[in-house]
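Participant: If you count by full-length UniProt numbering, then the sequence shown holds residues 1 to 596, one letter each, in order.
Please keep in mind that the hints were generated in silico from the structure rather than gathered at the bench. For glycine and all other residues, C-beta sits at the position ideal for the given N, C-alpha and C. Keep in mind that a hint or two might mislead.
Claimed, not checked - Straight-line Cα separation of at most 25 Å, DMTMM-like style, residue types lysine to aspartate or glutamate; simulated pairs: (1) 506 - 575; (2) 311 - 468; (3) 497 - 427.
Said to hold, decoys possible - Okay, the calculated beta carbon distance ranges per label pair: (4) 548 - 484: 23 to 29 Å; (5) 533 - 571: 40 to 46 Å; (6) 203 - 246: 55 to 61 Å; (7) 186 - 383: 27 to 33 Å; (8) 243 - 545: 45 to 51 Å; (9) 354 - 382: 25 to 31 Å; (10) 561 - 222: 51 to 57 Å; (11) 484 - 226: 44 to 50 Å.
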Amino acid sequence: MAPAASPPAGPEQPPRPPPPPRRTRGRPPPLRRSSSASASGPGHRCRPLLLSTPIFYANGPPHLGHLYSALLADALHRQRGLRGAGPGRFSTGTDEHGLKIQQAAAAAGTSPPELCARVSALFRQALTQAAVSFTDFIRTSEPRHQRAVCHFWGALQERGALYKGSYEGWYCTPDECFLPESQLAERTDSQGRTYKVSLETGHEVHWTKEENYMFRLSAFRDPLQKWLRDNPRAVFPDPFYQRVLHWLGDDLPDLSVSRERSRLQWGIPVPGDSTQTIYVWVDALVNYLSVVGYPETHGEWWPAAHHVVGKDILKFHAVYWPALLMAAGLPPPEQILVHSHWTVRGQKMSKSLGNVIDPSACIGQYTVDGFRYFLLRQGVPERDCDYYDEKVVKVLNSELADALGGLLNRSTALSINPSNTYPYFSESCFPKILDYRETKALGRASAEDYEFVVSVASLPLQVASYFEDFQIYKALECIALCVRQTNGFFQRHRPWKLNRNHPAEKLWLDTIIHVTLECLRVFGTLLQPVIPCTADKLLSRLAVEPEERGLSNLTFLPRYNGKPCPFEGRQLGPDTGVLFHRLEKSSQHQIENKRL
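Build out the structure end to end from the sequences listed, making use of the hints.
Facilitator: As structure tokens, then:
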């Protein structure tokens with residue numbers, strides 16, 4: 001699949017702060033246990049699910065946009081595992097056929113198989129370096145995939161979805177597709193030559209005429225519209241759903257699904273016709289079936305598939321792919337999750353501008369978890385987002401190093417917790433009351449303290465809901481807000497000023513630390529899909545065992561509700577140092593050092 005291009009972005013908009021917790025008249029919401037069912041998000045069921053990225057086109061090394069797609073899918077896959085939501089697979093890989101590969105190999109003085117093997121290894125290495133937890137890495141040059149494509153082609157033929165005909169039109173080699181006049185623009189070069197380009201990508205097109213196999217796409221306009229009307233979240237978020245509906249408002253021309261083999265040798269031959277090569281996009285899309293064992297063993301996983309894709313390949317996934325599946329007698333995927341692109345200082349990434357960002361260099365500078373956090377915290381699926389180094393440093397220093405790391409260091413310092421244990425919670429200092437806004441304080445906790453712990457108690461459900469809605473950035477906004485509130489709670493009561501030798505003071509001191517560690521345990525648990533290594537370090541410091549890190553174990557402040565807390569009195573884990581080191585602006589690598 002062609003790598004996602006980055007169109008020009010408008011003025012950058014700062015992330016919107018999350019809304020404050022809803023207030024209702026009368027009693028505030030109680031501190032409730034975040035059970036595995038509720039914290040698992042809406043519609044939680046134990047069932048198999050395939051999550052996938054696009055397979056990345058193997059004509060060049062991985063860049064920032066590729067990694068963003070993979071991290072979105074990875075966070076969803078990891079969060080699903082925390083929910084205990086049933087068997088899950090996570091596929092990614094490389095798209096290795098097509099005219100672009102053939103031409104790139106010739107230009108590099110190598111063969112297409114050698115070029116693809118080298119570039120595919122770069123993608124696997126980059127994703128592994130970024131802690132992307134894929135379970136399947138598919139290459140379209142693999143025999144299992146070629147077998148699946150040939151069987152899929154046969155199903156299309158048997159069901160009368162293909163016919164052979166003469167086809168001519170404007171063909172874009174970089175985008176591997178024919179384009180109608182309505183999607184073209186005219187340009188003039190420095191020598192005065194007039195030529196046509198794709199409106200969307202700016203790539204030059206050439207008039208091409210040849211005999212191909214055609215897919216009866218025009219017959220599937222009504223079935224596609226019905227599929228979308230019956231499944232309003234089939235393409236998500238909604239702006240992209242509306243875009244697909246708009247496309248389907250026009251007639252759908254039949255689709256050329258093969259190329260003359262004399263022009264394109266690097267691809268899968270059409271079964272029974274050695275003069276034709278299967279169109280690279282038909283070949284590439286079938287990868288989602290190949291990874292689940294099509295045509296023999298796919299039934300357990302299909303159509304329970306969620307595809308994460310960039311908006312530039314939306315039509316291929318939301319129009320062509322569902323239509324091809326219907327034609328082959330298979331249901332469309334359950335959901336197509338669409339994201340926008342990354343620009344660099346307001347400009348689209350392109351080789352000609354020399355601003356294509358190398359994710360490996362960014363990880364080397366900002367750490368694996370740091371760069372994962374930045375992309376998922378700042379990336380908004382509905383609109384393009386801008387990358388620049390100063391913003392990375394600001395976000396990571398503020399939210400990971402200072403707010404989260406500083407809170408852990410202060411609350412576990414031996415000066416206020418010399419026993420290095422998870423201290424006991426005192427109901428007399430922080431009593432359970434029906435309405436903290438109308439009841440006179442009975443203990444040491446203030447109305448502001450009650451309001452803050454109610455916010456943290458509601459956090460698991462908020463985060464689960466945002467993950468369900470493909471708004472990971474909003475989930476991280478909510479967590480960051482609660483981290484700030486917890487720092488405010490800790491700073492407000494200054495536990496370092498309390499006298500541990502005074503019985504009443506000690507009860508309140510231990511309660512402050514207990515509440516703070518409970519908040520940190522919630523944050524660490526919820527951050528596992530995004531910053532797995534840092535979250536593991538945090539939870540290990542709190543002595544939270546691996547089997548205690550799922551969402552079903554996320555019982556916040558159980559002692560407040562009169563239930564035992566399994567962590568009280570437990571020896572904390574070893575102090576392994578700073579949770580996340582601050583980044584120094586003076587030593588940061590600038591964008592010039594991160595270009596491919």
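Participant: Run every hint past the structure and note whether it holds.
Facilitator: How the hints compare with the structure:
The hinted pair formed by residue 506 and residue 575 meets the criterion: a straight-line CA distance of about 23 Å does not exceed 25 Å. Taking the CA atoms of residue 311 and residue 468, the gap is near 19 Å; set against the 25 Å cutoff, the hint holds. With a C-alpha separation of about 21 Å, the suggested pairing of residue 497 with residue 427 holds against the 25 Å cut-off. A beta carbon spacing of about 26 Å between residue 548 and residue 484 agrees with the range 23 to 29 Å that was offered as a hint.
In this structure the supplied range 40 to 46 Å is violated for residue 533 paired with residue 571, their Cβ-Cβ distance being about 23 Å. For residue 203 paired with residue 246, a C-beta distance near 23 Å fails the hint of 55 to 61 Å. Range check, residue 186 to residue 383: about 29 Å between beta-carbon atoms, so the 27 to 33 Å window is met. Taken as a hint, the range 45 to 51 Å holds for the pair residue 243 and residue 545, whose Cβ atoms sit roughly 46 Å apart.
Between residue 354 and residue 382 the beta carbons are some 28 Å apart, a value that agrees with the proposed interval 25 to 31 Å. For the hinted restraint 51 to 57 Å between residue 561 and residue 222, the CB-CB distance of approximately 55 Å keeps it satisfied. Checked against the given bound of 44 to 50 Å, the beta carbons of residue 484 and residue 226, roughly 47 Å apart, stay inside it.
Figure legend: structure checked against the earlier numbered hints; hints not met, in rising order: 5 and 6.
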